[in-house]
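Student: Listed below are the residues making up each chain.
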Amino acid sequence: MIGMLYAPYVIGSYVVTFVGIGLYTLRILAQARKAAGQVPLQDRPWS
Amino acid sequence: MTGFMTSTTSPAPSDRAPTSTTFSRALGIAALVGIGWLIVFGLFLSPNDRVQKTGVRILYIHVPSAWLAYLAFGVTGLSSVAYLWKRTRSLTWDRIAGASAEVGVLFMGITLVSGSLWGRISWGTYWTWDARLTTTAFLFVTYIGYLAVRGLGGTHQQRAKRSAVLAILAMLEVPLVHFSVTWWRPLHQNETVENGKLSGLMLFTLFVGIIAFTLLYVWLVLHRQRVLTLLDQVDDQGLDVAIVERRNEVVNAQEVSP
Amino acid sequence: MDSVVQRVVQPVVQPVVALVDVVAVLGSFPALAGASLSVNRGEILLLRGPNGAGKTSLLRLCAGLLPVERGTATVLGCDLVADRTSVRNRVGLLGHSNGLYADLTVADNVRFWGATVGASQHEIDASLTRMGLANRLADVQVAKLSAGQRRRTALACLVARRAELWLLDEPHAGLDATGRDDLDVTLRSAAAAGATVIVASHELERAGALATRVVEVVGGQVRQVAE
Amino acid sequence: MNTWRIARLVAAKDLRVEWRSRVVLNQVLPFAALVMVMFAFALDNDTVLTRVAPGLVWLATMFSLLVIVQRAFAVETADGALDALQVAGVRLGGIFLGKAIALAAQLAVLELMLLAAAIVLYKTEVVADGIVLLVTTFVAATTGLAFVGTLYGGLAAGAKGRETLLPLLMLPVVAPVLIGATRATEAALGTENATPSDGWPWIGLLALFAVVFGVGGTLAFGSLIDE
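Here the protein sequences come in this chain order: H, X, E and F. With numbering that gives the first Met the number 0 applied, the first sequence corresponds to residues 0 to 46, in that order. With numbering that gives the first Met the number 0 applied, the second sequence corresponds to residues 0 to 257, in that order. With numbering that gives the first Met the number 0 applied, the third sequence corresponds to residues 0 to 226, in that order. With numbering that gives the first Met the number 0 applied, the fourth sequence corresponds to residues 0 to 226, in that order.
The following block holds chain H by itself, in its conformation from the complex (with noise of 0.2 Å):
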């Protein structure tokens, strides 16, 4: 288990870069949500 003294470093460190990946995250699937209905089906190559 964690030691209670340099508890509040380690859960930050896990804080702040699962908190920075899901925001990056989001902030993807939000961009791609807006433009995808602009783009028809067809010019995806990867669909």
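What the hints contain is simulated information worked out from the structure, not anything from laboratory work. Check the hints yourself; a few may be wrong.
Unchecked claim - Simulated coverage check for chain H against chain X, where a stretch passes if three residues somewhere in it have a Cβ under 8 Å from a Cβ of chain X: (1) 12 to 23; (2) 32 to 40.
As the list claims (entries may be wrong) - In the EDC-like style, the derived pairs of lysine to aspartate or glutamate whose C-alpha atoms are separated by at most 20 Å in a straight line are: (3) K143(E) <-> D78(F); (4) K143(E) <-> E163(E); (5) K33(H) <-> D234(X); (6) K85(X) <-> D82(E); (7) K33(H) <-> D231(X); (8) K33(H) <-> D235(X).
Beta carbons are placed, not taken as given, at the ideal position from N, Cα and C, and that holds for glycine.
On the provided structure of chain H, position chains X, E and F as indicated by the hints.
Tutor: Only chains X, E and F this time, still in chain H's reference frame:
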């Protein structure tokens, strides 16, 4: 839900997640599972290190994110070379370079924050002018500059050419910065991880972290690259509309002029 | 068979400027939206049309500054789609800006721009004389000149450049009566010597008298004007 | 026109612009001197000042470099001269070398003044057996800085927000010069009992830096400018 029922023009799944494919969905799930494991092992199941105590837990995210940041910048450099190399000047390479640099800056930021928190526990200080730290900080700023140049505008090909050249210059710059700071401050702090003093479960947790972050990196770059493709295509379509509008100025002018 | 007959009757003359359905963008704005234009050697072509119609962009495209987004463009036999830099050095452009160094004197500027094409001192002196600058003005800093005098200096630099295709954007603007006369004489003699001149201007009487042909630029396109 | 002749032409033009305008002399040099005085205010300790004098000289050089580079490209973009150079078909590698030469000359004057300021204000002493190393350091560092300044100055020249973009792009790149030149200067001046032999390895780094950005800049400048 009613919106979904009445919408007939576009299939719902692709509109809610337009950049997803079966592969990327599987990849995303794998990355999520990996991160879940990492959190469980890193925060709870793995033991404290004898020397570093609980501080070792930060390394499970610090080391993988540092490795991926370097990998990401390497991918940016190679994609930029590929863009300039091929006579076709494929924008796909440019978008991969841009997506990878963005993800690299994100991971580099995480590396710097988690690294200084780890340093506070292990060294008693947030920052030390060690060669590796200093190079890392310079990389971070350099690629922020790269992203700023990508946002300057112009046509897609102009953006691609300019940023590809800049990425290659960055690749030249990084070794020079690294050499200079290594000579400047040759002393390294204790490198517990590299010396392999971690116990079995700790190494396993670190391994889980590297796998999880690598999957995450691939997922992020894949999606970001697809979003950039969509955004470029929206631009191109905007151009088609704008051309029609522009041509109609002729008609309007005729109506106005005597 | 048809082409052979044509070649006999009328020798194939490659136009100096050949644009077909050219689209060019400024940022995301299509400054040229399907412009087609053909200009032959020795012509003095006047581009007229409202503000923002695309005259400036058309000139910059011919000078190889603006990339061709769609369509085909050949200038002086150089394919601008493949390499827009290939035409450079053979065209001269007088844009909205004069391209002068404000801290240098008139003579310094003309000497510098002449030197970029290896012009001799004699040619540089001749250019200054042509635009009426071979007097006390020659040693005055450009920053201290009036707008019209700067325009003259820029024209002298253009003369010293000995281009095959002259592209001029509102060259008459700001010039006094003598300056306009000097300009018209210069352009006519350039055309007579085999150069091709394209002038964008709002001063239809002045430029119209000079031009051998007039086209109208509207909405990023070129329209022929019946004369 | 070959690259080298263009370089000489552009360098002579830039130095003539400075000769006629005296912007670097009348504005940048006083600015740099002011920075040296401000350092003294901030550090407020004679021993510390003597100790860090080499670093402060190079730091003041970096700040002044930003200002001189902005000025060097403002001259080109103020009246569209950069466009005109491109239309003139001038080899962009030649423009790069020419502007770098002129920039190096101005930097050299600036650095000499900063060194003099350090001697006067910070009690720095130049020792005889370090003089060769000192001169070599200044030559190598100045060359590298001039190349990087011209390269990134050109990239930022046409961009919106160039004033803020330039420091962001350039300062991380010149960091090795700041470190290398400072250590070599310390060795040459004998700061903290350093000897000249401590400084020579840093000259290698500075020289490598100058070569990398000299070659890279000559090749890359064109594609960064030509947009």
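Student: Each of the hints needs a verdict: does it hold here or not?
Tutor: Now for the hints, and whether the structure bears them out:
no.	hint	in the structure
1	12 to 23	holds (count 8)
2	32 to 40	holds (count 7)
3	K143(E) <-> D78(F)	14 Å, holds
4	K143(E) <-> E163(E)	32 Å, violated
5	K33(H) <-> D234(X)	13 Å, holds
6	K85(X) <-> D82(E)	16 Å, holds
7	K33(H) <-> D231(X)	13 Å, holds
8	K33(H) <-> D235(X)	16 Å, holds
Against the hints set out earlier in the document, a violation occurs for number 4 only.
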